[in-house]
Structures are given as C-alpha cells and as structure tokens.
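A.B. asks: Given chain A, put chain B in place with the hints provided.
There are 2 protein chains.
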Amino acid sequence: MHPTRWGAPSSATPLPAAARDLVELAFGLDEQPTVLGALPTSGLAADLVASLRAVVGPEHVLDDDETRRLRTRGKSTPDLVRARAGDLTDAPDVVVRPGDHEQVAAVLAWAVEHHVAVVPFGGGTSVTGGLVARREGYAGLVSLDLVRLKRLLDVDRVSMTATLEPGLRGPEAEALLAAEGLTLGHYPQSFEHATIGGFAATRSSGQSSAGYGRFDALVVGLRVATPRGEVALGSAPASAAGPDLRQLFLGSEGAFGVITAVTVRVRRRPATATYEGWRWPSFDAGAEAMRTLAQAGLLPSVIRLSDEDETALNLAHPDEVGAAPAGGCLMIVGHEGEPDVVAARRAAVTGVLEGLGGTPLGEGPGAAWVHGRFDAPYLRDSMLDVGVLVETLETATFWSRRAALHAAVKQALTASLGADAIVLCHVSHVYETGCSLYFTVATRAGADPLPRWRAAKAAASDAIVAAGATITHHHAVGTDHKPWLTREIGELGASVLRAVKADLDPTGILNPGVLVP
Amino acid sequence: MHPTRWGAPSSATPLPAAARDLVELAFGLDEQPTVLGALPTSGLAADLVASLRAVVGPEHVLDDDETRRLRTRGKSTPDLVRARAGDLTDAPDVVVRPGDHEQVAAVLAWAVEHHVAVVPFGGGTSVTGGLVARREGYAGLVSLDLVRLKRLLDVDRVSMTATLEPGLRGPEAEALLAAEGLTLGHYPQSFEHATIGGFAATRSSGQSSAGYGRFDALVVGLRVATPRGEVALGSAPASAAGPDLRQLFLGSEGAFGVITAVTVRVRRRPATATYEGWRWPSFDAGAEAMRTLAQAGLLPSVIRLSDEDETALNLAHPDEVGAAPAGGCLMIVGHEGEPDVVAARRAAVTGVLEGLGGTPLGEGPGAAWVHGRFDAPYLRDSMLDVGVLVETLETATFWSRRAALHAAVKQALTASLGADAIVLCHVSHVYETGCSLYFTVATRAGADPLPRWRAAKAAASDAIVAAGATITHHHAVGTDHKPWLTREIGELGASVLRAVKADLDPTGILNPGVLVP
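Top line first, the protein sequences correspond to chains A and B. Be aware that the first sequence starts at 8, since it is given in my numbering, and climbs by one per residue. Be aware that the second sequence starts at 8, since it is given in my numbering, and climbs by one per residue.
Hints may be right or wrong, so weigh each one.
No copy is singled out in the list; a pair is fine if it fits within one copy or between any two copies.
Said to hold, decoys possible - Subject to a maximum C-alpha distance of 25 Å in a straight line, what follows is the list of computed SDA-like cross-link-like pairs (lysine to any residue): (1) Lys489 x Gly228; (2) Lys489 x Asp455; (3) Lys417 x Pro458; (4) Lys417 x Ala383; (5) Lys489 x Ala239; (6) Lys508 x Ala239; (7) Lys508 x Gly497; (8) Lys508 x Pro519; (9) Lys489 x Arg142; (10) Lys508 x Pro524; (11) Lys489 x Lys508; (12) Lys157 x Glu187; (13) Lys157 x Ala116; (14) Lys157 x Glu109; (15) Lys417 x Ala319.
Quick caveat, the hints were computed from the structure, so don't treat them as lab data.
In isolation and in its complexed conformation, chain A is listed as follows:
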C-alpha cells in the first residue's frame, strides 16, 4: 500500500482509455503530479522509544520513513489529496507491532504510563478520518499495527464459528477458512486490504450482506484489550444477560479498546454461485422489487441496484456490463450455496422479479460486476491523476424515506458542487425495513479541491440527518462524521459514549478525537 494510492504501489494503473475519454468529455484532462512529501521528525523521546522496544522487542518498533509514511491517515479522498500534495503532518512517531493480546495490553499500559496516543491500525482503509487522531497534549503518537496478529485461533465446526485475530486481511482470513471448507462471506469493497479487526471496529457491511449478514451480525464473541484490562464477551448466540455489550465494542473504532480476537459465525463454502443482471424501468421500480423480496423473506445472497445515472455511466463501458441494453436501472442479483438451494431460491426470486416488471439480462452483467467488484478505489486514484476528484458517501434509512433521501442527498451535492458534478447512487444493502444508499460523486478537482469537497460533504450530511437517516451505514464515524453523529444519537447518546470511553480509557490515549463526540 502506498500512502497516496489504494492498494499496493504495483497495482497503480493508468486510467483505461474509455474512462479517459469520458473524463476528457465531462471535465477535461488536468494531469496532477504527486509530491512525495517529507516526514516530520519523529517526536517521541528516545527513552520512550527504548522502553517501548523493551515491551515488544526492538525489531517491532519501527520509525523508518517508509513505515511511518504507510501508516499516515487512511484512504478517504481528502486523505489521498493531502498525501499527494506531500502533506504528511499526521504521520505517527513510531509504528509498534505487538505479537499477541498480551503484548497489545502491554503497549497500552506503556502508553497510559507515558501518556502517548495510540492509533490502532489494521488495513489502513478508513475513508472517514478514522486514522487521523489528535496528537496535541500527548507525549507522542504511536501507530499500533496489528499485522502480526494473523492467526486462526479456533474453528468450531459443530457451532460453525471461527475465532480470528484482528490483523488478518480479508483474503487471508478467507484463505485460512477455505482450508477448512468454510467462508465468512464478508466482501466489502475494501476486502483486499481491510482486516478482521477493522471490520468489527467499524461495523463493516459486505457486498453479500443480504445473504451472509453485516459483519456485526456475524460476530458472536470478542476479546478486547483496554487500558483498564481485558474484556471477553460472547457466551451464547443471544442472551438476556443485560445489554448486549458486544454491540458496544462493534463500532467502537479503536476508541474503547483494541480488539484482539473476533469469534464469527462461518458457513460452508458455497458449492455454486450465480450472478445475473436485471433491468428495471426506474430506480423506484427496482427498489420496490428489492423491498418486496426482503419483506417476503426471499433475499438472494447479493442484491444491488444502480440508479439511472449510475446505470448510464456503467453502460458507457460496454465491456463492464456485458450485453445490458441501454436505459433504466441495472440490478445485480447473486445466489450462493448448495446447488439445490440456489436453484430453488433463484426460481422463487426470478418469479417475483418477473412479476414486478424486471427484465432478466443474463449472467453477463453479473460476471462484469464480479470482475470489477473491488476496483473502484483504484480507479479513484487514476481519476485523481487526471484532475478529477471522486469520492463516495453512504447512508441508510427505512423504505418509506428512501426516495426522499435519494433526492435530498443528490440535490445537496449538486447544489454545492455545481451542475457539472456527476452524482451516482446505488442501493448496496437491503433489510426488511429499509436499505442503504451509496453515492459516488465526481467533480473537477481544480487547484484546491478540499474546501469545495468538504462543503459538499457537509451539505450531503446535513441532508442525510434532516431526512432522518443515518450518517453512515458501513463507513463508520471516524473524525469526519462526528458532528452529525451527535445530531443522530442526541446529546445524551453522545454522553453515554463519553461515559464508556472515560470508564475504559480514563486517560484518553486510544484514538484521541476519533468517534467519541
């Protein structure tokens, strides 16, 4: 991973010709250089570095430029724009790599003793400023990299659970489970780089959430290291033993503790999988079909629906959507599982979709979606290379508010950015009572893109909260969403978060400034 781009530096590719033509048509090309900025001098006192080395071993405390550079901020477009401009002011002083729960706990004890800020680091894929912690008032800032906690600790084939360490990236976790014939089925767009710990800490949701559930629905147990000691939760799938404290650590974004093990529900690897396209005359018609399936208990494993604009842009790349005819809205429907179960479910779903006016497009669009499902963040970098700022934001609401929310966010973004901005949307996750909306925005970057983007993001966030929707369905709060979090959960909800934080992290060393209002 390179601080200025998504993924490994070797994965950087120039913009495909078709996309480059589109960009030239829409915005004009404005090639942007990247500045490899200088790192600030590591500010952690030498005796503190020495004592930290004693905790985890000298080889696991790193302060070379490249390591610090790669742990600077996350991967929001503002993060990328600042990194491309050479601004590395948020770099950690050192990167520490504990090897197990006990070493994580020891690092936290060291940080409390010396009042050093600690930023837990998994895949570094936050897009909401979750890695941009406050350093003022601390003796230094340490990136606590969980890269060495990569074990599959336990597989319980009877209960169909697995206990995973937090540093496992998506493909690593799936590979370990695949060797057992199992899968987690959690495929967010960040899958290739994000980690198990990050999935849990941010309440991640994957592209197959309709079939496998959000990550927080998969978690049955957690082990957490906090400045005050260990928390271990999860004695049953469900319980009435007071509030479900697991749901307090899921979404805690490193502010309450460091998750050191996650026990998740697993499933047998699907024997078969099919992904197909459906065309709908309108976004409303497609969304109503999703609602019908969800409320009939007939959700497929994957279901997504692009609005008219997103569908039209997708169709400008014929190689990516197969034989889909132009117009309307594209839905992707995927079924995974045992062949007989898939066949029965697919038949039932097809019957409903045909009855509601959907047009089947066959497996071409499905294959194109599978092929490109993790690609968008790479494309975002290539677009920045030619002067186009691309960013995403997402929300969720109940079905009855969906259409108004879609219109309000689109209107807020367009009003803020100007008519030449492109605003696309899709429904990415579906529930019985509602759905998420995922927006992609493209606009000319210009000389100083961040103030303009921040104003647009604030306008969209205001529209989201005004519509009664959530400020984030699966990107988490970080630092970027904090003002709207309080509006969503109220002053008293924010007060509860502060009380829990004060109890578990009384000196405030954990991810200062992140999540907690």
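C.D. replies: Below, chain B without anything else, positioned relative to chain A:
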C-alpha cells in the same frame, strides 16, 4: 393479576386430575394455604404524595391496598412463595400512572428531586426479581405503572414497522396490529400479561423466535425517558454510526431509563399456520436435527424439543400430546406464512427431518402444544397449592457445548435438590451457532422451600457459568442473576454498565439494585 398467582384471580383453577394423581405419586399431596398478608404502611411523606399528584393528576397516584399489593414483586416462584406466605414487605409506597412520555419524564424529575426510588412496571411478570428494587436510602419507592401508555403510535406499511407504547400487553399489541393485517409474532410464555416495554427492557424471546426473531432483533427504534432527558434512537435498520446504542437500552431492565415507545419490525399476519409433532430417538438426535436446519437456513417458524424426561412427563397427559407414541423426544415444528411459502418450507424441513431419522407424529401434538402454550405458569400456582415447588431456569450456549451444558445443569439441580426432584428440559430457541436450554424443576415444597430452592438455583447458575454459557437467554438479570452476570461479562463489563448507569441516572433512582452489578 393476583399477587400470589399468575394471571387474573378468576383464572385460578385447581390442578387437573391427571396432574394431581401424578403429584400424589411423585411427592404426595401437601395442601398449602395462602395468607393474604398485611401491607406495610405507605412510607412516602404526604407532601411528596401531593407533589406527585400534581405531576400526573390526583387520580393517577394510587395507594390503596389492592393496587399496591398487585405491584409487589414479580412472578418468580420465590416471589409467589413469599406472597403466599403474606410477606408484602417489598410493596411500593404508591403506584403512579403517567399518561405519556412527558409525564414519565416529569415523574423521573420529581423522583430525582426528592430522591425516591422508581420501579418501572409493565406486566409484572418478571421471574428474576426484576421488580424487587432496593429501597434503603430513598425517601420512598414508587411503582411507575405504564398501564396508560397503550397506543399504537404509528404504522409504516412501506417499511413494515410499527411504533408501540410500552404499556401494551401482548394480546393488546397484537389486536391493534391485527386490525392493520399485521403481526409482531412475539409469543413468549408470558404473552398474555407481559408488555411491549417489558419485552424490550428484558430482551424477551418468543416461542416463534426461529421464524420472527427475538424481540431485540425486532426493535429498530426506541424512545427512552431518563433522569437526564430523552434518548431517541433508530434512524435506519442498521448503521455504522458508532456502537449500536439501541442494544444498550434493550436489556436495561428499567435501570437506565423508562422506555416510552418502541418501533418494531412487523409482518403481515400469516395466512396459514401448521404445527406438528416429530419423535426423535434421543435428545441428541433431535438437537442435531435442529442444528442441521438452522445451519442450512431452513428454520421453521416454531421449533422446540423436549428431552426424554420432559417428553415422558408430557406423555403422561395423553390429552395434551395427541397421538404421540411413548418414548424418545418430542419436537414441535410450526410453519406460519403464505400458503405457498409454508408448503415449500414445510416440504424442505420435512425432507431434512425424515432424512435424519425423525418420525412424523402429525398435527395432534402440534395442536396440543398450541392449546397449552401459555398454561405452564398457571399450573405452577396449582402445584404450589398442593405443596410442590415448580420453577424454571434457562440458558443458551453454542452447539458444541449443548450436551455438556444440559448434563451439567441437570446434575447440579439433582445433586442439590435430591434424587426425587424432577428436572425437565427443552430446547426453546435455535440459532445457527447455538441454542437455548429451558429447564423445569419440580420438588416437594416442604415447610420452608426458599433456602433449598436458592441453593439449587445457585448450583445451576454456577454450572451454567462454568460451562461457558449465558446466565439467562430470555428471563433477564433482575436481582437474582446479578452475581453470575459479573462472572459472565467480567469486572470490566460490569464497570461499563455502572458507568452508563451513572451517566444516565446519576442519583440512582431507577430500579435500584436491579441489573447493574
């Protein structure tokens, strides 16, 4: 409802002849009188009663004997035994009946000002001491009866949600929803008397949880009055906007606030319903079949499995289990929904169960179960009348620990109570990763049954925690389970509960001594 019995006084019935014969055979008959004890003098100062009357109106502050008597403790067997012996020492000083959220908030403000303990009261069906609050150190103890908060506030037919007030009892809520063609599908054994607020505050689970979900899974929004103000949560079905604070108020047992509205997912009323019996050669074989269904995504709406002893006792009442042949273990399987969905699901489930060695018993046992599904608590009173103490306790764990948990709890109860105690068990709720176990114990009451029962309950609770299971799957913590709650969630988990309590209820007026360790 009568303080010494379950349900309305008019529902008190003598023990059926067959049961009476069984009791005589097993324990001998020992007819026990009930003493209608004297109430302690209401201890709340006259000026406080007057100021409370000003808050809600004089007609809604009640201190007559009958009203106070009916709000004294809950319905655990220890609660019943104490009430039958005339011990009403825990009676509230007065009963206050606010009419809406604002009046609930005003009562809490009054209680804070005068340092009066407040016990939220819904259906009064707690079986874990959830209504036995501590009164020492307070100017008085008030039962906050939610009986006037009985409205269906909103129905969102698009999102399929309904907003209900907390004082609605199960049948009242279902009747309001039925008028809209909807159902909640939540049928715990306490259904006839327990309330929406109580279901939420205790993380209730109903007999159709396999098909409809536990109550906490139905809740998408909550409104709560706390001593520090209002909390309103629920902007989307799911969110990544920090920890899910809804899950902190679900299970808060009146200790963090008073739930004044609950928004729940609803479904269309099922057009058809079938309930049938299956016989399994052993409890293990039946439980394995349940696990197979759950992990194949084929759970019916209702699924329950009695162990050998519970099955044998049921079969001693041939009228209650229809044509079931003797021996083995009885499973009840129910399907509810649209006819075509039910037919397809029933065929798939039947195929799996037959393949695993189950013997179909037809709809006779299903009809008997439906007929008697809410009866056990009434029978408990009739058994106490003839000197037999009957009590239940329940837990949940992951599938791999089920058999060991069943054996350990049974062994602990038998060792504590003696070989002539009857210990029955059934699996009442099923998940992909595990299940609940629900134990029923019958033993001679004798002259002073409570110390003996408390020792047995402690032994069972120790065995539950030692087995790594939860101290309660759906009965909640109350006062009875507190020592084991800390063992389950750890000292730090308990500390978090105290921190949240201190934040929302800084003077500790809400249900003192309940839930929070």
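A.B. asks: So, against the hints stated earlier in the document, which numbers end up violated here?
C.D. replies: none
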